[in-house]
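Chemist: Using the sequences and the hints given, assemble the complete structure.
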Amino acid sequence: MSTFIGELAKKLAEKWMTLLVLPGLLLLATAACGYLLRNRRWNDLTALTSLLSDRTQTVAGRGNVTVALAVAAVLLAAAAAGFAANGTGWAISHIWLSHRLTWLGKPLTWWRRQRWIAAEQAALGTTASPTAPASVMRLLYRWNQVLPNDPAVRRNRICLAPPQRPTWIGDRVAATGTRVENQYGLDLASTWPRLWPLLPDAIRTDITTARAAFDQTTTLGGWAVLYTVVGAWTGWWPAVAVGIGTFVAAWYRARSAIADLTDLVESAIDLYATTLADALGIPTIDGHVHRHTGRQITARIRKGT
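According to our numbering, the sequence shown is numbered sequentially starting from 155.
Hint data in this document are derived by calculation from the structure and do not stem from the laboratory.
Glycine included, each C-beta is placed from N, C-alpha and C at the ideal position.
There's no promise every hint is true.
Said to hold, decoys possible - Cβ-Cβ distance ranges computed for the label pairs, FRET-style:
{"no.": "1", "residue 1": "Leu352", "residue 2": "His446", "range": "14 to 24 Å"}
{"no.": "2", "residue 1": "Ala231", "residue 2": "Ala453", "range": "47 to 57 Å"}
{"no.": "3", "residue 1": "His444", "residue 2": "Thr359", "range": "26 to 36 Å"}
Modeler: Printed below as a string of structure tokens:
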């Protein structure tokens with residue numbers, strides 16, 4: 155037992171160092187560079203080396219206890235930065251998945267919906283009356299020209315269902331629920347917790363891995379925000395550039411991760427909805443879950459609520 159606890163503590167310490175302390179130390183180093191070079195050229199390495207040497211000698215000259223306390227303070231500050239990045243990442247995740255973004259959410263949702271309607275009409279070859287002004291529809295038409303030639307591909311790149319949320323990531327999640335509802339009559343929010351225990355371990359592992367990948371991208375976005383804040387505070391523009399570039403990378407990685415996650419969730423519904431019906435004792439038609447069967451499953455799960 156003591157060996158097991160020792161190994162567990164070792165792994166936790168390694169994870170703590172990798173996920174929190176090391177990235178935090180890099181952020182602190184960036185903040186130190188920005189602070190020391192705030193009144194000098196951004197790339198004055200000679201001045202930076204001299205200033206760091208002076209600060210190090212000052213701390214070292216005060217004795218071993220002071221050095222130990224300084225090292226401990228730096229490690230604690232790095233860990234605190236890691237927790238701050240995780241918290242900021244949670245807020246970013248909430249924004250990306252949100253139904254609305256205060257005053258900005260409604261026009262963003264409207265813009266995405268109009269783009270989707272224009273692409274849908276092109277895909278279906280219809281000329282239904284648009285809800286947007288003619289000038290907006292002309293702009294949407296030009297926008298669609300830079301996308302693939304297939305109108306259905308252009309529409310699906312915007313969203314797989316009529317947009318309901320202000321961001322692509324949020325709409326990808328919402329579209330999964332809409333598609334499952336339209337195809338099977340299942341309410342995904344109430345169905346998923348009942349289906350999860352019935353899934354094979356391999357599929358659950360894939361879904362868990364995909365969700366972890368998305369969480370990592372939101373944390374990366376949190377680090378990006380912290381770098382931008384450090385750059386704005388110190389006036390050192392390289393930190394701002396790193397923050398902006400990191401956030402853009404986090405956004406695109408998050409799109410890829412959420413696409414993988416929603417594809418896996420939808421695949422699990424496609425493959426194992428009949429397993430859920432059998433477990434609930436609800437008969438299927440020809441071994442398939444049709445909308446009538448799905449509505450029965452949803453009614454059973456919701457229990458009248």
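Chemist: The structure should be examined with respect to each hint, and the outcome stated for every one.
Modeler: Cross-check of the supplied hints:
1. Leu352 with His446: 14 to 24 Å: This hint holds: roughly 21 Å between Cβ atoms.
2. Ala231 with Ala453: 47 to 57 Å: Roughly 54 Å apart at Cβ, these two residues keep to the hinted range, so it holds.
3. His444 with Thr359: 26 to 36 Å: holds (30 Å)
Checked against the numbered hints above, the structure breaks none of them.
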